[in-house]
Amino acid sequence: MIQIENLHKSFGSLEVIKGVDLHVKTGEVVCIIGPSGSGKSTVLRCINRLEKPTSGRIIVDGHDIMAKATNINTVRAEAGMVFQQFNLFPHMTVLENVTLGPIKVRSMAKKESQTFGLSLLDKVGLIEKADAFPEQLSGGQKQRVAIARSLALQPKVILFDEPTSALDPELVGEVLEVMKQLAHEGMTMVVVTHEMGFAREVADRVIFIDQGKIQEQGPPDQFFTNPKNERLKEFLGMVISHI
Amino acid sequence: MAFQFEPTVVIETIPMLMRGLKLTLQITVGGIFFGFLLGSGAGLLKISRNFFIRKIAGIYIESIRGTPMLVQAMFLYYGVPMAVGIRIPPITAGIIIIAVNSGAYIAEIVRGAVQSINPGQMEAGRSIGLTHTQTMLHIIWPQALKRMIPPLGNQFIISLKDTSLLMVIGVGELMRTGQEITAVNFRAFEVYMAVALVYLVLTISISRAMLYVEKRLSTNKG
Ligand SMILES: Nc1ncnc2c1ncn2[C@@H]1O[C@H](COP(=O)(O)OP(=O)(O)O)[C@@H](O)[C@H]1O
Ligand SMILES: [Mg+2]
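The listed protein sequences correspond, in order, to chains E and R. The first sequence maps to residues 1 to 243 in our numbering. The second sequence maps to residues 1001 to 1222 in our numbering.
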């Protein structure tokens, strides 16, 4: 589904991604962990070209995202993204947030998009909030709307960038539940997260990024119980001792 | 002969100013309307990704904001026709001057409002597959427009007062009407007091109306 080969990314003279290779198979759930500033978001944002790679190759669902012939908007509709800060559209109702993509990008009729949008809101448990504005929702509800908004494009993969990091602790669970459900339904997911419990339970593979490189990866049981990389050991120790 | 204030002259003058008031309003509304179109265009060009496009918008904005409107009016009404060989009727010229002048200030209002929208909004729009233009149109612009309302109201008041300068190109607006009346009755004190009162009623009404609109918008979403 996603093939990243030798990805490099610099901001000015600062090289933040120093050669990342990553293949994500259809239906796979990959969790990315790592210290703040290590380049996790940058890798994720290169996948849908919110950041332009400096060099390397990224293929998403068969489209080379750097190729001239590729319509990046088509790729983005296939690769949804959920942001840490939700980024809902505050001037639109919850339902309008969800139906905008289907109407404008998928050319769906308005009526049809509303039925579809309501079914997605039902799926994330927010059908009763369809006519509310984002401002009236809790953080957890906002993030669930954001997930429904990206699902509305019927994407082949969803990229999550620390979807629960901006939430009050008691609201984290409801968002992780929705993500778990998606994983069980077979959605391909790349999730940058600090939720080790989620990674352990849901991920097919966990990846540790540090200083712009993948330092270690593997299935969660092996990854968490028997880490090899010194910095990963330190990082896991640090994260656990902070809880 | 000692000066004696005649309140009745003030009261009698006000109805005589109504013809000028009508022109003042027409020119202000027309000027701000086209100024908004011009300013929206220039404001968006000012944040274009293309350096030359940004420069062109910048030259327009700087040269208007850096020169007095009186000079702009004289230049456009007396200067430009000498170069191009067409005379513009004073009222049309007045609307053009207000539009070109307010457009430069509105461009900065538009630029500021658009840039004040969280960049996450553009990213969210692009991430669901909307084009840059679609995101601008459906997501950034509606939110920016709401933030523009108070400064636009302010610009409306400024431009309304600026129309008084158009008397120098012979537009029979409020100020010029007042001047014509004093030429007949020599009651400058009372007549200009009446003129000032009319401006004051207008500007206070506009700012009250703007406050009301702002209040409505802050309680209603969307
Ligand atoms: N737009 C940008 N301009 C300059 N530097 C950036 C930009 N985005 C990220 N960086 C830098 O790149 C590095 C990696 O950032 P990021 O990918 O956000 O890390 P993470 O998500 O792992 O915390 C950081 O040092 C950050 O300061
Ligand atoms: Mg990050």
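Just so you know, not all the hints are guaranteed correct.
In silico BS3-like links for lysine-lysine, alpha-carbon gap of 27 angstroms or less [claimed, not checked]:
| hint | chain 1 | residue 1 | chain 2 | residue 2 |
| --- | --- | --- | --- | --- |
| 1 | E | Lys228 | E | Lys18 |
| 2 | E | Lys228 | E | Lys25 |
| 3 | E | Lys129 | R | Lys1161 |
| 4 | E | Lys156 | E | Lys180 |
| 5 | E | Lys156 | E | Lys111 |
| 6 | E | Lys110 | R | Lys1146 |
| 7 | E | Lys52 | R | Lys1215 |
| 8 | E | Lys129 | R | Lys1055 |
| 9 | R | Lys1055 | E | Lys104 |
| 10 | R | Lys1161 | R | Lys1215 |
| 11 | E | Lys233 | E | Lys213 |
| 12 | E | Lys68 | E | Lys52 |
| 13 | E | Lys129 | E | Lys213 |
| 14 | R | Lys1146 | R | Lys1161 |
| 15 | E | Lys213 | E | Lys52 |
Which stretches of chain R does chain E cover? Using the computed rule of at least three CB atoms under 8 angstroms from a CB of chain E, they are [unchecked claim]:
| hint | region |
| --- | --- |
| 16 | 1048 to 1054 |
| 17 | 1114 to 1121 |
| 18 | 1131 to 1140 |
These are computed hints drawn from the structure, not numbers from a lab. Quick reminder that beta carbons are idealized off the backbone N, C-alpha and C, glycines included.
Each hint tested on the structure:
Between Lys228 of chain E and Lys18 of chain E the CA atoms are separated by roughly 21 angstroms; this keeps the pair inside 27 angstroms, and the hint holds. The suggested pairing of Lys228 of chain E with Lys25 of chain E holds, with an alpha-carbon distance near 24 angstroms, which does not exceed 27 angstroms. Taking the CA atoms of Lys129 of chain E and Lys1161 of chain R, the gap is about 47 angstroms. The hint is violated against a cut of 27 angstroms. For the proposed pair Lys156 of chain E and Lys180 of chain E, the alpha carbon gap of about 16 angstroms is at most 27 angstroms, so the pair holds.
Between Lys156 of chain E and Lys111 of chain E the CA atoms are separated by roughly 24 angstroms; this keeps the pair inside 27 angstroms, and the hint holds. Simply put, Lys110 of chain E and Lys1146 of chain R have alpha-carbon atoms about 25 angstroms apart, close enough for the 27 angstroms limit, and the pair holds. Restraint check for Lys52 of chain E and Lys1215 of chain R: not satisfied, since their Cα atoms lie roughly 42 angstroms apart, outside the 27 angstroms limit. Distance restraint check for Lys129 of chain E and Lys1055 of chain R: the Cα-Cα separation of roughly 46 angstroms exceeds the 27 angstroms cut-off, and the hinted pair is therefore not satisfied.
Between Lys1055 of chain R and Lys104 of chain E the CA atoms are separated by roughly 33 angstroms; this puts the pair beyond 27 angstroms, and the hint is violated. As the CA atoms of Lys1161 of chain R and Lys1215 of chain R are separated by approximately 25 angstroms, the hinted pair is consistent with the 27 angstroms bound. Restraint check: the Cα-Cα separation between Lys233 of chain E and Lys213 of chain E comes to about 16 angstroms, which is no more than 27 angstroms; the hinted pair holds. This hinted pair checks out: Lys68 of chain E and Lys52 of chain E have alpha carbons roughly 13 angstroms apart, not beyond 27 angstroms.
Restraint check: the Cα-Cα separation between Lys129 of chain E and Lys213 of chain E comes to about 41 angstroms, which exceeds 27 angstroms; the hinted pair is violated. As the CA atoms of Lys1146 of chain R and Lys1161 of chain R are separated by approximately 24 angstroms, the hinted pair is consistent with the 27 angstroms bound. Simply put, Lys213 of chain E and Lys52 of chain E have alpha-carbon atoms about 17 angstroms apart, close enough for the 27 angstroms limit, and the pair holds. Residues of the region 1048 to 1054 of chain R with a Cβ under 8 angstroms from some Cβ of chain E number 0, which does not satisfy the need for three, so the listed coverage is violated.
Here the region 1114 to 1121 of chain R counts 3 residues with a CB under 8 angstroms from a CB of chain E, which clears the bar of 3, and the coverage holds. Figure legend: the region 1131 to 1140 of chain R, annotated as covered by chain E; annotation consistent (4 residues with Cβ-Cβ distances under 8 angstroms, at least 3 required).
When each numbered hint is compared with the structure, violations occur for hints 3, 7, 8, 9, 13, 16.
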